[in-house]
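> Sequence:
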Amino acid sequence: MLRVYKFLLQVEDYYTVTMPRTASIINVDFQHGQLYIWALCAEVEEKFEPRTFRIAGTGHPIDESFTSLLPIGTAKLESLVFHVFQVL
Numbered sequence: 002m003l004r005v006y007k008f009l010l011q012v013e014d015y016y017t018v019t020m021p022r023t024a025s026i027i028n029v030d031f032q033h034g035q036l037y038i039w040a041l042c043a044e045v046e047e048k049f050e051p052r053t054f055r056i057a058g059t060g061h062p063i064d065e066s067f068t069s070l071l072p073i074g075t076a077k078l079e080s081l082v083f084h085v086f087q088v089l
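Residue numbers (my numbering): 2 to 89.
Derived from the structure by calculation, the hints contain no laboratory data.
SDA-like, lysine to any residue: derived pairs with alpha carbons at most 20 Å apart:
1. K7 / V88
2. K7 / I26
3. K7 / E50
4. K77 / I63
Simulated restraints on C-beta separations:
5. S69 / N28: 17 to 27 Å
6. E46 / T68: 24 to 34 Å
7. R22 / T59: 24 to 34 Å
8. P51 / I27: 15 to 25 Å
9. N28 / E79: 11 to 21 Å
Beta carbons are placed, not taken as given, at the ideal position from N, Cα and C, and that holds for glycine.
Go ahead and model the full structure; you've got the sequences and the hints to work with.
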């Protein structure tokens, strides 16, 4: 069986989250002023892995080659807009 779980991201240039190995990210957004990723996960998962995310505001420089970043989504908080990428 699958379930959707959410994982807190800190609004920093890079942030690492430990997630189930098979987690499939479905959304990124703010909830109650905090940035979260929602992912579809197996109900029982025994293997976890760290995943690193690059969080950049609109217009901020991104040093990595775009090919090393997987776009996850864009989240807006009032007048601030953040773009979230998974570092591959």
